[in-house]
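S.K.: Fit the two chains together into the complex; they arrive one by one in their own frames, and the hints show the way.
Chains A and B are the protein sequences, given in the same order. Each residue of the first sequence is one higher than the one before, counting from 0 in numbering that gives the first Met the number 0. Each residue of the second sequence is one higher than the one before, counting from 0 in numbering that gives the first Met the number 0.
Among the hints, a few may not be true.
[To be verified] Covered stretches of chain B, as calculated for chain A (at least 3 residues, CB under 8 Å):
no.: 1; segment: 18-24
no.: 2; segment: 41-47
no.: 3; segment: 51-64
no.: 4; segment: 73-85
no.: 5; segment: 90-104
[Stated by the list, open to error] Residues from chain A that keep clear of chain B, each with C-beta distances beyond 12 Å, as calculated:
no.: 6; residue: 4
no.: 7; residue: 123
no.: 8; residue: 139
no.: 9; residue: 146
Since the hints were made in silico from the structure, they are not lab data. Where is the CB? At the ideal position from N, CA and C, for every residue including glycine.
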Amino acid sequence: MRSLYRTLGRGLLRDIALVCLADAVVALAYGAISVSAGFEPWVPVLLSLAVFAGASQFLLTGILAAGGSVTAAVAAGLLVNARHLPFGLAVRDLLGTGLLGRLVGSHVMTDEAVAFALAEPDHRRRRAAYWTCGLGLFVVWNLAVMVGAAAGRAIENTDALGLDAAFPAVLLALVLPSLRDAGTRRAALIGIAIALATTPFLPTGLPVLLALFGVAAATVGRPSPSTSPGTP
Amino acid sequence: MIGGGSTTALLVGIAVLAAGTYAYRVAGPLLGDRFAPGPRAQHLVDTAAVVLLSALVATSALVAGHGWAGVARPVGVLVAGVLAWRKAPFVVVVVAAAAVTATLRLLGAP
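For reference, chain B alone in the conformation it holds in the complex (with noise of 0.2 Å):
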């Protein structure tokens, strides 16, 4: 099996990831009622979930691995991003992010 490991092994990390990740998922919505935020709480947490979310936005446009994503793939997004900004069809957004990206590197943009 790769990495050395057993296919028991394997399962038991598949098993692992899977119920930790279960368990991130729904401790909210299970022990929400218990501790139910007030409105300002409310606030806080909708705020941090769309911090974390333009974060995941940075890295994935600009992060590859540990190292920088090069070119093409930051541009599609800057695009996508300027038309999003100007209110232009999300399918419109979307294609265009990849369309771009992919002529570029078409172009031998890294």
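The shape of chain A in the complex, shown without the other chains (with noise of 0.2 Å):
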């Protein structure tokens, strides 16, 4: 723990707590939501467990609760959560060596922790962020969301918060530094171009794939890192 304090520094580990706080809120509101639309408490609580990937939670959630099948609802959730493959590769060296560590390592990856960990400058703190960030949110997701399940009814509407908007300001805030990479830049304007327009024709989750071209049509014709200079 002091190892841990001394390589994050209290800056970073109260920006870490808060995003904890603000998704402690969102998974109350996830385990009440669900309960109101008529699921048992297990439900939200077995999903937040084994799933542990909010986006496609709520889409689970939401397309039962308006009368879907379960295999639509799967289908959507395995779309969103696509993103986790290349997640997976950008982050594979922070999870360490040991199996064990993979294993856990890899379950409590998220957009949060994966844009924490990116967004320091070396590895030791790409490392000591990451697990911070993806430890915490397990343990403070599924308990609000148990807290939540179990209040049911009584907590409702989190838009009036304005939650809906801190998810997108948490990774503005920390996917801005590496954006000033203008390659890197161009890219994600690409990408969020496509993203935008293609959202009113497709199914949730396939835009955000999209984006990826953004990052081939911003590489091509375009020297490569090792041969220009002031790359990091």
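M.R.: Given below as structure tokens:
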């Protein structure tokens, strides 16, 4: 704990704690909304422990509550979660060399943990940020879903608190430093344009994956990173 | 049970989603050594992760379902973006996003 404190410093620990707090409120709402929609409390609790990916959990619960089939709901969830494949490639060296570390570290992989890790300058801090955010969110998220499911209808509308704006704001604050690199920024802007343009026509989750074409589009005709000066 | 299905169907569905999601997550960390990307490929993968996160920012800020997310949330995220660009503390950025959005909704913005 003390060495973690030394590695991350008070500022980063406080930032991660804030994200855990914001996600805890979202998780409370998730548990409550699921129970209000008619699910037994064990459904949101099991989903959170076993799947641990907020967007796909909301999607699955929403589709089932609207009368959709389990197959359609699972397919949508798998589509939304496919981004964890490239995430896993990006953070693979942060999970350590042991098998147990890789197996556990993979399960706690979230947008937030990946973003916190990639925002850090060196390997030690990346590793510490990934694990702190990943494990912290896993504990907080699951506890809050349990409380929300138990509280049921008492908690309803988190939109009134503006929390739906907190998630994009967290990710934006974390990716902005990476976007100061011109090549990355170009790829991101093309990717965003693709995602937004295809959103009205495609199933949820697919537009974000199509954003990956932004990487290809921005790389074509560019000098390789090893030959261009100034690449970190 | 909701959706007209049985509890068994729901349990199987949760198991499939959990297994599939875990497979996505563990593929890179487990197979990474055998197919260890060179520095150039790793740079591409890192860029890809940033692009995915950026697209998530844009869609979660601007989109609700298949329609646009109204005014309150995009403006809240925009304010957060300006603050982050000007290197405001992380706490300020996140709290500002929620506060601006909540205030606009209180004032009746969609």
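S.K.: When you look at the beta carbon of residue 139 of chain A, is every beta carbon of chain B farther off than 12 Å?
M.R.: holds, 15 Å
S.K.: Take the segment 18-24 of chain B, compare each residue's beta carbon with every beta carbon of chain A, and decide whether three or more fall closer than 8 Å.
M.R.: Contact hint for the segment 18-24 of chain B vs chain A: holds, 5 residues under 8 Å.
S.K.: If we take the beta carbon of residue 146 of chain A, is the closest beta carbon in chain B still more than 12 Å away?
M.R.: holds, 20 Å
S.K.: Looking at residue 4 of chain A again, its CB stays over 12 Å from all of chain B?
M.R.: Consistent with the label, residue 4 of chain A stays out of reach of chain B, its closest Cβ about 18 Å off (over 12 Å).
S.K.: Please count how many residues of the segment 41-47 of chain B have a CB within 8 Å of a CB from chain A and say whether that reaches 3.
M.R.: holds (count 6)
S.K.: Checking C-beta pairs, does the segment 90-104 of chain B have three or more residues closer than 8 Å to chain A?
M.R.: Per the Cβ count (12), the hint holds.
S.K.: Beyond 12 Å from chain B, beta-carbon-wise, is residue 123 of chain A?
M.R.: At about 17 Å from chain B, residue 123 of chain A clears the 12 Å cut-off, so the statement holds.
S.K.: Closer than 8 Å, Cβ to Cβ, for at least three residues: run that test on the segment 51-64 of chain B against chain A and report holds or violated.
M.R.: With 13 residues closer than 8 Å to chain A, the segment 51-64 of chain B meets the three-residue bar; holds.
S.K.: Taking a Cβ-Cβ distance under 8 Å as contact, does the segment 73-85 of chain B have three or more residues in contact with chain A?
M.R.: Contact hint for the segment 73-85 of chain B vs chain A: holds, 6 residues under 8 Å.
Figure legend: structure checked against the earlier numbered hints; every hint is met.
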